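2 protein chains.
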Amino acid sequence: MKEANRLKIDVWRESIDRRMLAWIDSQEPASLYEPMRYAVTAGGKKLRPLLLLLFGEAVGSDPETLFDAAAAIELVHDFSLVHDDIMDHDSLRRGRPTVHAQWDESIAILAGDCLLVYAFRVLSSVPSPHAIAAVQRFAEDIIGVCEGQAYDKAFENRDSVAIKEYTNMIGLKTGRLFALCCELGVLLGQGTPEEQKQARQYGLQLGFAFQVQDDLLDLVGKQEILGKDVGSDLKEGKKTFLILHALENGTPELCRQLYAFLHQKNLDERDIQQVIGLLTETGTLQQTKKVIADALTKARAALEVFRLTPARGILSEVLELVEERQA
Amino acid sequence: MKEANRLKIDVWRESIDRRMLAWIDSQEPASLYEPMRYAVTAGGKKLRPLLLLLFGEAVGSDPETLFDAAAAIELVHDFSLVHDDIMDHDSLRRGRPTVHAQWDESIAILAGDCLLVYAFRVLSSVPSPHAIAAVQRFAEDIIGVCEGQAYDKAFENRDSVAIKEYTNMIGLKTGRLFALCCELGVLLGQGTPEEQKQARQYGLQLGFAFQVQDDLLDLVGKQEILGKDVGSDLKEGKKTFLILHALENGTPELCRQLYAFLHQKNLDERDIQQVIGLLTETGTLQQTKKVIADALTKARAALEVFRLTPARGILSEVLELVEERQA
Chain A
22 MKEANRLKID VWRESIDRRM LAWIDSQEPA SLYEPMRYAV TAGGKKLRPL
72 LLLLFGEAVG SDPETLFDAA AAIELVHDFS LVHDDIMDHD SLRRGRPTVH
122 AQWDESIAIL AGDCLLVYAF RVLSSVPSPH AIAAVQRFAE DIIGVCEGQA
172 YDKAFENRDS VAIKEYTNMI GLKTGRLFAL CCELGVLLGQ GTPEEQKQAR
222 QYGLQLGFAF QVQDDLLDLV GKQEILGKDV GSDLKEGKKT FLILHALENG
272 TPELCRQLYA FLHQKNLDER DIQQVIGLLT ETGTLQQTKK VIADALTKAR
322 AALEVFRLTP ARGILSEVLE LVEERQA
Chain B
22 MKEANRLKID VWRESIDRRM LAWIDSQEPA SLYEPMRYAV TAGGKKLRPL
72 LLLLFGEAVG SDPETLFDAA AAIELVHDFS LVHDDIMDHD SLRRGRPTVH
122 AQWDESIAIL AGDCLLVYAF RVLSSVPSPH AIAAVQRFAE DIIGVCEGQA
172 YDKAFENRDS VAIKEYTNMI GLKTGRLFAL CCELGVLLGQ GTPEEQKQAR
222 QYGLQLGFAF QVQDDLLDLV GKQEILGKDV GSDLKEGKKT FLILHALENG
272 TPELCRQLYA FLHQKNLDER DIQQVIGLLT ETGTLQQTKK VIADALTKAR
322 AALEVFRLTP ARGILSEVLE LVEERQA
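Line order of the protein sequences matches chains A and B.
Positions in the first sequence are counted from 1; adding 21 to them yields our numbering.
Positions in the second sequence are counted from 1; adding 21 to them yields our numbering.
Chain A extracted, bound-state conformation (with noise of 0.2 Å):
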């Protein structure tokens, strides 16, 4: 990405932040409010906010007339983690402990949902024509992500999940939300009802995208940029996009070998080797790259009705830099 864009990105992070930290610069309750301030304060790559933001500016929009609605989407990026962890009993996230680890369950519910709350009162705070509709569209895509997520527990207790099920499962828990910060961008700013349609196509193949690579990452990705152990899903025995493609297209035999990696305790790199020797041996790691790669395509063809500005050259670099990423 081009210098001036990266210094751009980097400002439009620390507006964010500071956007989101004064809606909730209430002192009482503190018990309330630290938790709901730790959340917020984590750091990350605020990748879904600034969407909204590139997006609004493709369509002629100023910024800043942007920024709470950037904020909002955020806090409920932000809800989402904290509910996540106490149901995926995570006691860490971005290296520090998570807010149930640091707090309490009790805590950690409370702040969540008043986060939920919060965003729902900043958005609902945008002087645009378009209000009404952003806070319709925003619910509705807040439905799919808790529907996503209940089929992400649903499929932890079962022994097969079908590949179109897993599809769709990731299609609402990540695609939904980022279908929702692309098309907000353009609906707030004013953009027209085609550029609003193009702009979901883009966030949801752009979420899909990036969650897919999530999945080949814990396997192919390098351990020091990955910050984590290669494999480590594998080792929790979670069914990835990659072990789905497998489990449907492996022999019997082959389906019988991973299954007792997937039930193994305790894999270590070897272990991990031979996944791979299997997932190879099906085609599973050629067609992910293919499944990404075309997400990718239709992300990219979807910014072709939006006008030569510098936000649509960064949106597609965007899709550069997913495709590019090692971690």
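Misleading hints may appear alongside valid ones.
Copies of the same chain are indistinguishable here, so a pair counts whether it falls within one copy or spans any two.
What the hints assert, rightly or not - Using 16 Å as the maximum straight-line C-alpha spacing, the simulated EDC-like pairs for lysine to aspartate or glutamate come out as follows:
(1) Lys185 <-> Glu55
(2) Lys174 <-> Asp125
(3) Lys174 <-> Glu257
(4) Lys185 <-> Glu338
(5) Lys218 <-> Asp31
(6) Lys256 <-> Glu24
(7) Lys256 <-> Asp292
Hint data in this document are derived by calculation from the structure and do not stem from the laboratory.
As the structure is a prediction and not an experimental result, all values here were calculated from the model.
Position chain B against the provided structure of chain A, taking the given hints into account.
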């Protein structure tokens, strides 16, 4: 209450139920929508949405146009019960297992989240020029409810709570949602700003009276009507309005005795009668009744700005019902 009014209220209750279920009628994922439907079909008085409909009618609006807003209010109330039950480790609600007891905590967190988001979805769909103002007020007051819940949980871990802190807490946790219902009825029913202000006042005072009376009835209610043991708050060591009043107004010796009962396990009928004796000594029972009556008087005064309609009549009767209730 007059028979005709009672019949009208019963019909409204059914309409609210039907409207809620119509919004959350998705079949998949069943792991999400089944607990959501379970949570909203537990019965209950529907007092909050009924207040919204009554205030709407009091300013000349057709209740038919307000059922969605009323359903949104009840969805929020149900969301808060589902999450509060997790935080309070309660396994029974209205005679049935709570959502987290029937399924598990993860599902209850997610079902509560989704009910909350549906509330915003339903409210934002109301075809009214005031829809966005309604969403803003909705979010602000639900934030108040979250703050009230945070204080309530924080008080559990404190040995002393000032009565002023306690009344502030119930003003947030109970009063704000009541105020919201009443105000939304006027706002969406296109009443005047003065009517909006007075409706809010009615709700705040009614909610306050309702909560303090809950505390009172726990000690002096008739067991067969209450459907639970008399003194159950006391047995759990809860700091109710009555306990805090007595601690603030009793002699050091009386406070010592009261603390002893609060920390004692397995209180019997005789202990409870002794506590009632202490609360009589400090003038607490009398003062509590006065506080409730004063709040209801303020609520009654707030009705004066409204024209004399059957709806205003029912809102007035509601205050009498609260004053006279035995359980």
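Against the structure, the hints:
1. Lys185 <-> Glu55: neither (41 Å within a copy, 23 Å between copies)
2. Lys174 <-> Asp125: Between copies, since 12 Å is at most 16 Å while 21 Å is not.
3. Lys174 <-> Glu257: within (14 Å within a copy, 35 Å between copies)
4. Lys185 <-> Glu338: Answer is neither: 29 Å inside a copy and 57 Å across each miss the 16 Å cutoff.
5. Lys218 <-> Asp31: Result: close neither inside a copy nor across copies, 28 Å intra and 44 Å inter.
6. Lys256 <-> Glu24: neither (39 Å within a copy, 66 Å between copies)
7. Lys256 <-> Asp292: Classified as within; 10 Å inside a copy, 57 Å across copies.
Violated hints, in rising order: 1, 4, 5 and 6; the structure is consistent with all others.
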